[in-house]
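Line order of the protein sequences matches chains A and B. First residue of the first sequence? That's 1 in our numbering, and the numbers climb one at a time after it. First residue of the second sequence? That's 1 in our numbering, and the numbers climb one at a time after it.
These aren't lab readings, by the way, just hints derived from the structure by calculation. On a predicted model such as this, the values are computed, not experimentally measured, just so you know. For glycine and all other residues, C-beta sits at the position ideal for the given N, C-alpha and C. Treat the hints with care, as some may be off.
As the list claims (entries may be wrong) - Derived Cβ-Cβ restraints for the label pairs, each shown as a range:
1) A:Arg-392 with B:Glu-94: 53 to 59 Å
2) A:Arg-190 with B:Val-222: 29 to 35 Å
3) A:Arg-392 with B:Pro-343: 24 to 30 Å
Chain residues, written in single-letter form:
Protein chains: 2
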Amino acid sequence: MSNCIVAQSGGPTAVINASLYGVIEAAFNHPKIDTVYGALNGITGVLDDNTLNLSEIFGHNHETLEQLKYTPAMYLGSCRYKLPDYSKDPATYEKIFSFFNKKSIDYFFYIGGNDSMDTVSKLSKYAKEHQLDVKIIGIPKTIDNDLVETDHTPGYGSAAKYVATSLLEIAHDTYIYNLESVTIVEIMGRNAGWLTAAAALARTTYSTAPDLIYLPETPFDVYLFIERIKTLQKNQKNIIVAVSEGIKDKDGKYIAAAVSGSYDAFGHARLSGVGKTLEYLLADQLGCKVRSIELNVLQRAAGHVASYTDIQEAVSVGKAAVETATQGLTGKMMAIKRLYADPYVVDIQPVNVDLVANHEKEVPKHYINDDGDDVTTDFMDYAKPLIEGETRLNYKNGIPDFINILHLKR
Amino acid sequence: MSNCIVAQSGGPTAVINASLYGVIEAAFNHPKIDTVYGALNGITGVLDDNTLNLSEIFGHNHETLEQLKYTPAMYLGSCRYKLPDYSKDPATYEKIFSFFNKKSIDYFFYIGGNDSMDTVSKLSKYAKEHQLDVKIIGIPKTIDNDLVETDHTPGYGSAAKYVATSLLEIAHDTYIYNLESVTIVEIMGRNAGWLTAAAALARTTYSTAPDLIYLPETPFDVYLFIERIKTLQKNQKNIIVAVSEGIKDKDGKYIAAAVSGSYDAFGHARLSGVGKTLEYLLADQLGCKVRSIELNVLQRAAGHVASYTDIQEAVSVGKAAVETATQGLTGKMMAIKRLYADPYVVDIQPVNVDLVANHEKEVPKHYINDDGDDVTTDFMDYAKPLIEGETRLNYKNGIPDFINILHLKR
Chain A
1 MSNCIVAQSG
11 GPTAVINASL
21 YGVIEAAFNH
31 PKIDTVYGAL
41 NGITGVLDDN
51 TLNLSEIFGH
61 NHETLEQLKY
71 TPAMYLGSCR
81 YKLPDYSKDP
91 ATYEKIFSFF
101 NKKSIDYFFY
111 IGGNDSMDTV
121 SKLSKYAKEH
131 QLDVKIIGIP
141 KTIDNDLVET
151 DHTPGYGSAA
161 KYVATSLLEI
171 AHDTYIYNLE
181 SVTIVEIMGR
191 NAGWLTAAAA
201 LARTTYSTAP
211 DLIYLPETPF
221 DVYLFIERIK
231 TLQKNQKNII
241 VAVSEGIKDK
251 DGKYIAAAVS
261 GSYDAFGHAR
271 LSGVGKTLEY
281 LLADQLGCKV
291 RSIELNVLQR
301 AAGHVASYTD
311 IQEAVSVGKA
321 AVETATQGLT
331 GKMMAIKRLY
341 ADPYVVDIQP
351 VNVDLVANHE
361 KEVPKHYIND
371 DGDDVTTDFM
381 DYAKPLIEGE
391 TRLNYKNGIP
401 DFINILHLKR
Chain B
1 MSNCIVAQSG
11 GPTAVINASL
21 YGVIEAAFNH
31 PKIDTVYGAL
41 NGITGVLDDN
51 TLNLSEIFGH
61 NHETLEQLKY
71 TPAMYLGSCR
81 YKLPDYSKDP
91 ATYEKIFSFF
101 NKKSIDYFFY
111 IGGNDSMDTV
121 SKLSKYAKEH
131 QLDVKIIGIP
141 KTIDNDLVET
151 DHTPGYGSAA
161 KYVATSLLEI
171 AHDTYIYNLE
181 SVTIVEIMGR
191 NAGWLTAAAA
201 LARTTYSTAP
211 DLIYLPETPF
221 DVYLFIERIK
231 TLQKNQKNII
241 VAVSEGIKDK
251 DGKYIAAAVS
261 GSYDAFGHAR
271 LSGVGKTLEY
281 LLADQLGCKV
291 RSIELNVLQR
301 AAGHVASYTD
311 IQEAVSVGKA
321 AVETATQGLT
331 GKMMAIKRLY
341 ADPYVVDIQP
351 VNVDLVANHE
361 KEVPKHYIND
371 DGDDVTTDFM
381 DYAKPLIEGE
391 TRLNYKNGIP
401 DFINILHLKR
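Start from the sequences and build out the full structure, keeping to the hints where you can.
Below, the structure written as structure tokens:
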């Protein structure tokens, strides 16, 4: 008897279930694997013995499995749990591996971001040191695209497609009025500006939106920003700005925190988002219409406008993880390597998860223009293939026919 | 020589260009009509002689005309201009009809909401009184669904589909965490709660979201709201609330205005949206995670998730307007009449525009439950058919291939 278990962790993406689909599909077809389990709410499901038998659920139900591929967020639920160091808390490790032993688990797949790769690293080291034959493999996902050692992360392309599509629709919404306006669009990304950079993919032959792009990688100067807007206003009516939630001034202080006047019950200032902050600032400085739009959680869960390239790659990393584990490798993360830029060709390869865990990949300098208010054509060449293709999800009663997640509603 | 002119006005919808498509397509095929003009930025384009020759642009370009059908917001641009009364400003009327005369315009089609119908009413009365043979027809559009004399308005179904789809995706985003949370989703609709009510269409066999729905038609009681949340929390972890931006307390005061602590340059309190207001309120009262999401302008311009039923109906009202005008009628708005509920069948009929202008249709009592925190099955039966079917727009470079609107960027 040789079983496997899979879990999901961190923030949602539109395609994290596509990776789960990949794992399930490959494990079902693999002669070395008997039963496929899913742990609920990440590694905490392993600790609490809270699992689903995915072989039973999906084994004779290929249609439901297909539905999983197009459903955003996590079928197995998530957690924000960082595994303690072994030296400080050996009991947690013993609990996990005794569970693995009880269920005859030989392979553990963890789909997640930075923290999940830290868990993969710690568990695989523990297994090696204690001669426990459980292969532990990480499967990357994050809309933030901030994992190192991989060309990009599954989840990023779909979030980028949502951001670009929304930006273009905001442009159509904005250009109709014959009056001066500034629209600030706040996009997720506290430390890395990848998703905000993707707003540039909204540009067409007729629309320059976003006219300015600000990433956390470049210090943000409020006065230069206002001057830049004023200069642009000499030649165009409507200005649309994409700004990362995490932009900071030269001293590293969040712009979002700089302006505030609302207090909570304890007297702490509430932080308005950077969009609102800049909206108020511009409204005070310019005599025109200013509005801000926060794309919010929709950008990470918009399965209805997922990138098909992203879905396919998410499936591939899931499948490759099963292949890698059954070949006897452990402590690896499945990485996407770009073999050719044009035509775009990728390969999935295992990399040492220690190189990934607890590192963060920022947008490199050559993807940002010299003024720090736009991206370069190098970035456009990098990002364009990732949003290609549309999801093939079905609709029912006018809304997406996603998979039933009643088990998460306990 | 007998020409026609068409213009668009008010706020954007995903299908207002589908109505423009309907007008153009029908006018091209009509023996009575020679050239089709479009006035830019609504009636102000007529006043400023700022027009496009749509026959030249689309006459030999059926592919571009098809593209128009799936492009959100206004190809011809919009305005927020209310025509003055004739008694106060006859010159404006003379200017409009002298322009019509100069261009041999026999038919004027105005696509818009309440204010546009007011313009249609005034111009058609003026024409009749001055024996000017120009037929003036209104074509309804608004995401607010607040026009009387029509079962619903084109634009509502697509916005409703966007709201329902987003709500379901927010539910998937929310249910993954094994912790108590309340999510407030703020939806457009200052006086009429139709669009917020449509959030109920997000419900599935596994998702109850939104658990509570608050419309401006029912006075909002903050204390009852908090009690309602606390009661729900006894049985479920994640609560999702849909709330109209325009909810008011029993004295008619906007809830959005009640809590505030940010001031503009002139010392005026800035009004936070109702979502943020309720978020702060709940965060102070409950010990759990609270967040708010404002759907913002995306709900009115999301062409990528438009309802195909809505698109088809928008085309039909445009075509029917041409038919009605060329039959010699004037001062009419094209209304949608529901002939059968199930299967859903509608007919397009002209109604007297005076019955429509300056009236507002609120959500009727039998569509709202007794507690004022949900909709009824009557409403569900009414709204369900309107979001059926998906748009058929093409994508290019990973984003929607909308029509070029460079002419609006002057």
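**Item:** Structure versus earlier hints - violations, ascending order
**Value:** none
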